[in-house]
Amino acid sequence: MARRVFLHIGTPKSGTTYLQEKLALNREVIAQHGLTYPNTRTGNHFEAALDLIEERWAGQREVARGQWSTLVNESRRAPGDVVISHEIMAAATSPQVAAAMAAFADDEVHVVLTARDLARQIPAEWQENVKHRGRRPFAKFMTRVVQGRRTNPDLWFWRVQGVPDVLTRWGNGLPPDRIHVVTVPQPEAPRELLWQRFAQVVGLQPGLDLAEATDYNPSLGIVEASVVRRLNKQLAGKGIPREVYVDLVREVVARDTLAHRPDQIRAVLPERRWGFVEEVTGEWLEWLEGAGVDIVGDLADLRPRRPDFADGSWVHPDDPPADLVADAAIEALAAVIEDIAPTHKSPVRRLARRFLRG
Amino acid sequence: MSPEQDVAGAEYADRVRAWAAALRAGSTQTWREFRDAPASPGALLDRPHEQGSTGPTGSGPLPGAAQLELVRRLSVTGADLPEFAELADLALATSGPGRGLVDVPLPWPGSAVRTGTPPVDPEALPPDEVIRAATGVLVRLLESVDLTRTNRSSRSWRPRSPWRRGFTLLGAPTTVGLVRAALLDAGLREGGPRTTCFVLGGPLDDLMVQRWAGRVRAGAAMRWPRMWRAAQANDRVPPAIALPMIAAHLVAELGAERVHVVLADDPTATLAAVAGVLGAPAGEIAPRSEVLATDLLRRLNPALTLAVGDEARRRVVDRVWPEIAGGEEPTSLGVPAGQFAWAVACGERMAEALARGRYAVHGDPGLVVPVSRPGVRRAPDPEAVLAHGLTVVGRAWRAGRTQAAGGRT
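Protein chains in written order, with numbering that gives the first Met the number 0: chain A, 0 to 357; chain B, 0 to 408.
The hints are simulated quantities; they were obtained by calculation from the structure and are not laboratory data.
Treat each hint with caution, since some may be false.
Derived CB-CB ranges, DEER-like [unchecked claim]:
no., chain 1, residue 1, chain 2, residue 2, range
1, A, Q31, B, W341, 58 to 68 Å
2, B, G109, A, Q204, 35 to 45 Å
3, A, G33, B, M244, 52 to 62 Å
Over 10 Å on every C-beta distance to chain A, these chain B residues come out as not near it, computed from the model [claimed, not checked]:
no., residue
4, D35
5, P106
6, T195
7, Q231
8, E252
9, G254
10, T267
11, R400
We put the CB at the ideal spot given by N, CA and C, even for glycine.
Construct the complete structure from the given sequences, taking the supplied hints into account.
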């Protein structure tokens, strides 16, 4: 029987970091059950995926060169089934997909796509964009999404989030039963349910005793996203090196501080945009039903749930309460000072500060 | 399972295989007729496993009710199809793509105790299930089309008349294609520096049918009502058929004197108006109905796209689909009930905007407003789609045989 290679290709912001962390934490245990999550020099498959899709990614492309071949070679050495997972693979063009498939020509390739409802994906992608130095307010981001072409898209959002388009690129020539769409449960469901659905696809037995992932990639609320976005505007054009931005803004400020603030106000689409996401979702569901791909979970999970706008609790994502933004900004500032304090006198830090000041 | 059930199961399987073999040989008997008829002792068709076949009529898995009914209906409508038995084998062995009933068994005396999908008389199956089976067959037939051997639609060369005014057509997509072909055939020039622009339109529901057909040809799987729900949700018709917006844009770019809006409810009248402006001869254009073909194609699109890729699917739709799916009976499609009031309001807004425009309008702007047409369906009739689907399967099969025969010579 041919070895199975599961290519988990996305979509971004659909619990992929959680799944990848859990795979990495339990690498040895799942290997004992016949599934290899190949190790890499960074522990995950980001560099290999970046090498495959040939995106510049703020200079990371050069660092990642050759990593896809390395991952393929590592996978070929695996004794049994293999799972390769990174969400940016959803952006691959048809020739890049063909190259990926050719690398596993002797294996039984399965494509796995985790998909979450569009009404949650749009704000999630926006705040992710903010965490990557984005300065665009939500309203402008949303307008670009609405006006962007959804098939053969130029816009990154639709390139990685347009479920039929991603599956068309990745599923070409595969039998539909080897294309698995894992639906992300609605928020009130236990997080474990997503893992159970994913594990079912990749052939892991239910009930395995696995360590639980805690280091995933939570979204920021609108207050916290506002702090980072305004910070990005302040830092724009100041020549801040990528490493410094990643260390201080994305990790210290966003991931370690703001993301953990309690009672965050989640970004929710304005009322007038719900018709758009509902109709796009309807088209996608008709496509998925007609394609006959393997649906793991429930297609109803992908239907956006329109909130009650009449209760007056909705806040525009670009207009969070100013006092809450000030509180969050001070927390962020404190976190940065706390982070740099131990090395305040270090020559390296002084040099870095001088460099930052130009 | 008890010995009695074993025996009943074996009898059932034998009888189903015998029916499949009979259908494969061209029988048009329904399951009920076949099952209730006395089995002729020793007849080969009643002991299909003795034919040595391992296919659906032999010892393999039993075909489901949808597959069997598809073959029966193909036999009814396409008795003269070449090598029908091979087409039947393909249909019996091919599952329908997408979601639906799974492995539907046939009614059989004593089969009350069982799990899974309950038995359904094949004749009573929802037409959508038989269409799904036909769609599976179409995917198999179309994925094997040799596109290098299919001709692009070729137009006989005619000398162009450079002194004549050039034309540019926008608006109703299908009408644009038909009128454009007629004008080119008459020797007129498309585009050019002094081109005259025509925005073609008609009743809003017809415009939407044409836009729906265009979206489905481009790969969408959307149903007819969704077109309207999306338009209502956005409170605007798709930009490709937003006639006032297109005309206003052209006026801003080219000036009002070079923009004409033509409103008519059939392509011949549209051509007459356009030709009148251009000083060219007009002729008859046969109206083209594409409702059934569009509904069939939207069901086919996802599975065909996954099978051959988007590029190849487009080539199939451009080069093969018009030949095998064209020529359906004229069918009108009305606005879904839930969107009718919105459609009327939207049509009235369009009509007012057209009447106020600074461009020439040929025809009554009020024609755009949809009217309630008694007897017109608000969604494609699945029975009609199935009937057309059987024709399309037959044509695709015939085209494939012809291609194969050409390849052998």
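Evaluated hints:
no. : hint                           : verdict
1   : Q31(A) to W341(B): 58 to 68 Å  : holds, 60 Å
2   : G109(B) to Q204(A): 35 to 45 Å : holds, 39 Å
3   : G33(A) to M244(B): 52 to 62 Å  : holds, 59 Å
4   : D35                            : holds, 35 Å
5   : P106                           : holds, 26 Å
6   : T195                           : holds, 30 Å
7   : Q231                           : violated, 8 Å
8   : E252                           : holds, 20 Å
9   : G254                           : holds, 28 Å
10  : T267                           : holds, 34 Å
11  : R400                           : holds, 25 Å
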